[in-house]
Amino acid sequence: MSALTESSAWKALSAHQRTIAGHHLRDWFAADPTRGTRFTLEAAGLWVDFSKHRIDDQALTLLHALAAQQKVARWRDRMFDGEPINSAERRAALHTALRRSPARPLLLGAHDVMPDVAAVLAR
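Heads up: the sequence shown begins at 0 in numbering that gives the first Met the number 0, then just goes up one per residue.
Note that these hints are calculated values from the structure, not bench results. Built from N, CA and C at the ideal position, the CB exists for glycine as well. Heads up, some of the hints might be wrong.
Stated by the list, open to error - 30 Å max Cα-Cα, derived BS3-like pairs, lysine-lysine:
no., residue 1, residue 2
1, K10, K51
2, K10, K70
3, K70, K51
Unchecked claim - Pairwise CB distance ranges (calculated):
no., residue 1, residue 2, range
4, R25, A102, 46 to 54 Å
5, L106, G21, 50 to 58 Å
6, D80, Q57, 51 to 59 Å
7, A20, R90, 33 to 41 Å
8, Q69, L40, 20 to 28 Å
9, G21, A118, 50 to 58 Å
10, D80, E5, 39 to 47 Å
11, R17, F49, 14 to 22 Å
12, H23, W46, 19 to 27 Å
Please model the complete structure; the sequences and the hints are all you need to start from.
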């Protein structure tokens with residue numbers, strides 16, 4: 000097992016999954032007429048509908064707790080800042096530079112990679 004699957008938040012989420020596994024979606028929709036909108040979101044032009052998955056308010060709370068416990072926001076920020084988060088290769092995940100504003104520097108050591116990225120994208 001990894002540290003993730005041994006964490007208290009993972010275990011709580013896993014236990015909750017077992018309690019809701021037998022619930023049918025049609026029952027959840029019947030019990031909650033707002034389910035379709037409550038579990039649907041739009042972000043960056045992407046429409047995501049979780050309402051047709053076995054997820055409820057408690058599952059969302061537990062997912063947020065897992066993300067907090069695993070420091071997902073911190074890892075995301077480190078990735079976007081160009082820090083070496085790829086532990087296997089010990090390097091930055093620089094594919095995020097493709098969607099970054101060229102005017103916003105992204106330093107890899109002392110080198111700003113954004114002019115190089117902009118030049119490649121301009122081809």
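| query | Are there hints from earlier that the structure breaks, and if so, what are their numbers? | reply | When the structure is compared with the hints, numbers 6, 10 turn out to be violated.
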